[in-house]
Structures are given as structure tokens and as C-alpha cells.
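Undergrad: Chain by chain, the residues:
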Amino acid sequence: MAQKRKRKKRLYQRIRENKRLQSAETVVLPVMLGIAIFLLWQGGIVHQWFHTDVFTLPLPTKIGSIMGDNIDKILENTFSTVSVAFIGLALGCILGYLFAVLAAVFPRIGSGGLGIIGAFASIPVVALAPVMNNWTRDLSKEASIRSMASKIIVVMLISAANMSLNAYRGLTEVKPFSEDLMAIYTTKKRVVLWKLRIPNSLPYVFIALKVAVPSSIMTAIVSEYFAEYITGVGRQIRENIVLAQYATAWAYIATACIIGVAAYVLLMVIQGLTLRRYH
Amino acid sequence: MSGKEEKEVEISIRDVGVAFCDNAGNHVQALTGVNLDIYKGEFVALLGPSGCGKTTLLRSVCDLQEVTEGEIRISGKTPGEIRLEQKFGFVFQQPVLLSWRTVKKNVELPLEIMYYSKADRSKRADEMLQMVGLSDFADHYPGQLSGGMQQRANIARAFGLRPDILLMDEPFSALDEFTKEKLHMDLLQIWSETNKTILFVTHNIQEAVLLSDRVCVLSPHPGRLSAVVDIDLPRDRTLEMKETAHFNELVSKVRNSFEGGSV
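First to last, the protein sequences are chains A and B.
Last residue of the first sequence: 279 (this note's numbering), numbering continuous.
Last residue of the second sequence: 542 (this note's numbering), numbering continuous.
Warning: the hint list may mix true and false statements.
[Said to hold, decoys possible] Computed cross-link-like contacts, DSS-like style, restricted to lysine-lysine with a CA-CA straight-line distance of at most 27 angstroms:
| no. | chain 1 | residue 1 | chain 2 | residue 2 |
| --- | --- | --- | --- | --- |
| 1 | A | K195 | B | K402 |
| 2 | B | K366 | A | K188 |
| 3 | B | K384 | A | K175 |
| 4 | B | K384 | A | K195 |
| 5 | B | K397 | A | K189 |
| 6 | A | K195 | B | K397 |
By construction, these hints were calculated from the structure, which means they are not laboratory data.
Using the sequences plus the hints, can you model the full thing?
TA: Take a look at the structure:
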């Protein structure tokens with residue numbers, strides 16, 4: 001009996017130590033979990049657990065067929081959400097990074113400013129979105145443009161806060177003695193920034209993006225709820241729930257998930273290519 | 280060693296004291312009353328236990344640390360002026376290599392800062408890498424190198440600008456014994472070829488005796504220069520010298536010159 005257990009353990013260890021199996025494991029296990037959830041859902045077992053019905057929680061196949069039927073409308077709304085998220089993210093990250101550079105170059109003003117930025121990061125989107133709707137009221141006669149600007153500003157503020165806090169760390173937390181090294185060669189501040197601080201901040205930029213990319217999509221979706229003009233994946237979730245079209249609402253929920261995962265995968269690919277040289 | 284009268288004083292340290300406030304706001308007297316003349320082309324070791332101010336003295340010489348008493352003159356100029364002329368090379372305790380640059384690009388860094396042309400940079404960096412035996416690793420990234428190789432790259436970078444004065448702050452203390460011995464011999468080889476003045480901080484008595492012309496012994500609380508021991512071992516030094524009776528005599532002499540006997 002004891003011998004048998006020992007052999008079993010050896011086999012288990014062999015599996016654990018096999019590099020190939022390990023990497024397969026990281027793919028296989030999540031996929032298996034996904035399949036399990038699909039089967040439980042499609043088989044109606046999830047509905048039993050949560051005491052609900054296929055009207056409120058439609059079957060995955062039903063959601064899939066609705067996505068297929070409404071693909072044009074879904075793509076249109078996806079484009080609206082993604083463009084708000086992306087423009088807001090890009091503007092916010094550029095702004096946040098520039099602020100971090102200023103804070104790193106002028107530390108006395110900068111550290112205080114970063115505190116304020118940090119406070120911005122903790123404002124909930126549900127509070128910020130209506131305020132921005134109000135602020136952008138006189139921006140344009142077109143409701144679609146007003147709304148888009150308002151949503152972009154919300155995404156921008158949230159992304160900028162995240163980026164500036166992380167980028168500041170990357171710009172200032174350099175390797176020990178590297179600032180002394182630069183001092184020995186009486187390097188100009190500008191050159192130190194260019195040759196030491198900015199390259200050093202690159203991995204931190206990706207740390208910020210790992211949070212900012214998903215949160216920009218989430219922020220765009222939530223601010224759509226409050227926007228004047230009816231468009232976007234988030235708004236469609238709300239509209240369809242109000243109309244009790246749960247299957248369509250679920251189609252948009254699935255779309256939101258796909259957008260989020262796709263954006264994250266894209267980010268990971270870009271990070272892999274960019275940080276190849278950083279060891 | 281040639282006669283003393285032929286030597287030209289390069290670094291003159293007069294009654295130097297360094298005091299600063301630490302993070303807790305306490306007044307710390309890191310160094311007091313240091314007098315020392317360092318000659319051109321000399322290899323001087325600054326030896327002492329932790330907290331004796333040897334690194335502070337080194338940093339004062341190259342203007343990374345402000346002197347609060349006395350003065351340091353290098354060929355008649357202040358350390359700040361010499362730093363502006365970029366005549367210092369500094370090898371830090373840790374190989375401060377930038378991880379996103381290849382070894383060669385790291386060696387080129389000071390040359391880039393000095394606006395050398397691309398061709399000059401490349402040529403000079405190749406020479407330096409050749410000198411420290413890293414030619415085959417020019418295009419590797421620092422993370423792919425062993426600790427010893429990283430420290431070699433660090434030394435190559437410090438020599439790249441052809442500094443007049445090379446300051447080394449416990450450069451080999453993090454390395455294993457085999458790598459350290461190899462680098463000792465390499466450093467002496469490079470030094471004899473380039474004829475720089477080297478100030479070498481260490482807490483290892485054998486290392487100080489093996490490498491230097493003179494060992495300056497510093498004692499703590501407060502940091503002060505307690506003795507200067509001439510090392511009259513012949514040049515070129517070899518690792519075998521470490522087993523000679525004379526080497527051991529010198530080591531004992533240095534050890535006994537710490538104030539208060541042993542540390």
C-alpha cells in the first residue's frame with residue numbers, strides 16, 4: 001500500500017516537473033473550466049442553482065444566435081464603445097505620462113500634484129459621468145458629439161490618474177547608484193531623463209496599461225449609462241434590460257466580455273514585443 | 280617603486296571632515312581630520328570596516344559628497360571642476376548596467392553623454408570590451424551575464440572615457456573568490472597599461488595589500504585615517520605572492536594598524 005502511494009507520487013511529480021505539460025496545463029485548465037460552465041448553463045443546472053429561468057438567463061446557444069442575428073447593430077455599438085475607450089485611454093495616458101515627467105523633473109511641485117491625481121483615481125465613474133455630462137452641455141449642438149466628449153473625458157481622467165502614478169514610479173525608482181553614475185559624467189537633466197528615466201519607466205507604463213486598458217472599457221460602458229445620446233454596448237445592455245429583452249441584453253454583455261478580453265490580449269502581445277529587451 | 284621625489288601629487292586631501300544629518304535628523308560625523316596626498320599613477324587602497332567613512336571619502340574626492348571641513352584639490356582644482364571636466368571614472372559596488380541596453384551600448388553610455396560620434400563610440404567600446412575580455416558578449420543584455428562579467432562591463436565603461444582618476448567602491452565584494460582573483464589580475468594588467476590613478480575602497484585586507492602601492496587604514500567613530508602602510512611588494516603582482524612570508528607580514532602590519540588593535 002505504502003509502496004503504491006510512493007509510486008503514485010512519483011508519477012504526479014513527473015507530471016508536475018514536465019515543462020511541456022505545465023504550459024499545456026495553463027491553457028487546458030481554464031478551457032476545461034469554460035466548457036464546464038457552458039455545459040452547466042446549457043444544461044439548465046445553473047438555472048436550478050439560482051432558481052431562475054431561461055427567460056431571465058437565456059441559454060448560451062440562444063445568446064449566440066441573437067448575436068448572429070444582430071451582428072450589424074452589435075458591431076456599430078462596439079465601434080462606439082471602443083472608440084470612446086481608446087481615445088480616452090490614449091489621451092489620458094499621454095496626459096498622465098507628461099504629468100509624471102513634470103513631477104519627476106520638478107519633484108517639489110510634482111509630489112503634491114500626484115496626491116491630487118491620486119484622489120482623482122478614487123472618484124467613482126458613476127459620480128464623474130453625470131458631472132461631465134453637465135460640463136459638456138454647451139460643447140456642441142449635436143447630442144452624439146456632446147455625449148462622446150463627455151464619455152471620453154471620464155475615461156481620460158481615470159486613465160490619466162492611473163498612468164501618472166505608475167509612470168512617476170518608473171521615472172524615479174531607478175537602479176541604485178545610476179543617478180550617481182550620471183552625476184559622475186555631469187549629465188544634463190534632459191539627458192538623464194532621456195537615457196535613464198524614460199527607458200526605466202517603460203515596464204511601469206505597461207503595469208499601468210494592464211489596469212488602464214480594462215478599466216477604460218469598463219468606464220466607457222458605465223458612462224454610456226448616463227450619456228444623453230443612446231449608443232454603445234453598455235447603453236444597449238441597459239436599454240434591453242428596461243425593455244425586458246434579456247436575451248439581447250445578454251448578447252451585449254457577451255460582446256462587452258469579448259471586447260475586454262481582446263483588448264487585454266492585444267496589450268499582452270504589444271508588451272511582449274516592446275519589453276523583449278528588458279530582463 | 281621609484282623614489283618619492285619624482286612623484287607628482289595629484290590628489291591632495293587637507294584636514295578633510297564630512298558631517299551630515301541622517302534621515303532621523305541626527306548629526307553624523309562621517310569623517311574627521313583626513314590628510315592624504317595621492318600621487319599620479321598611484322594605486323591607493325582605502326581600507327576599513329563598515330562605517331569608517333571610506334566610501335564617504337571616495338565620494339568626496341569626486342564631488343558626489345560635499346566636504347564640510349578642510350579641502351580637496353586635484354591638480355590644483357576643486358573636485359567639482361574636475362567632475363565638470365569629466366575626468367573621473369567610478370566603479371560602483373553593484374554593476375550599474377542599464378538592463379535595456381546591450382553590454383556594448385552600456386559601455387558607450389558615457390561616450391554618448393559626451394557627444395562622441397557614433398563611429399568613435401563603437402570603436403572605443405570595442406577596445407574596452409576587448410580589454411576586459413567581453414568582446415564575444417557585446418550584444419548580450421546585462422541580465423544574460425554572470426555577476427563577474429557584469430562587473431567587467433562596468434569596469435570597461437569606467438575606462439571608456441579614459442579618465443585620469445578611477446574611483447572604485449568595493450567593486451569585487453559581491454563576487455566569488457575565483458572571479459575576484461581573476462579580476463584582481465585583470466585590473467592590475469589594465470592599470471599598468473593605462474597608468475591611471477586608482478583609489479580603491481575595500482574592507483578586505485588581503486585584497487588591499489595585493490593590489491595597492493599604499494594602504495590607507497581608516498577607523499570608525501568618527502571616521503579618520505589611522506595609518507598609511509607602504510606596500511613594497513614588487514610589481515607585477517602575482518597571486519602566488521599571497522603565499523609569501525612578506526605578504527603575510529604586510530597583512531599583519533595593516534591589521535595591527537587599526538586603532539584599538541583589532542576591529
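Undergrad: All the hints need checking, so say for each whether the structure fits it.
TA: To see whether the hints hold, each was checked on the structure:
| no. | hint | in the structure |
| --- | --- | --- |
| 1 | A:K195 x B:K402 | 21 angstroms, holds |
| 2 | B:K366 x A:K188 | 16 angstroms, holds |
| 3 | B:K384 x A:K175 | 17 angstroms, holds |
| 4 | B:K384 x A:K195 | 11 angstroms, holds |
| 5 | B:K397 x A:K189 | 22 angstroms, holds |
| 6 | A:K195 x B:K397 | 16 angstroms, holds |
No hint from the list above goes unmet by this structure.
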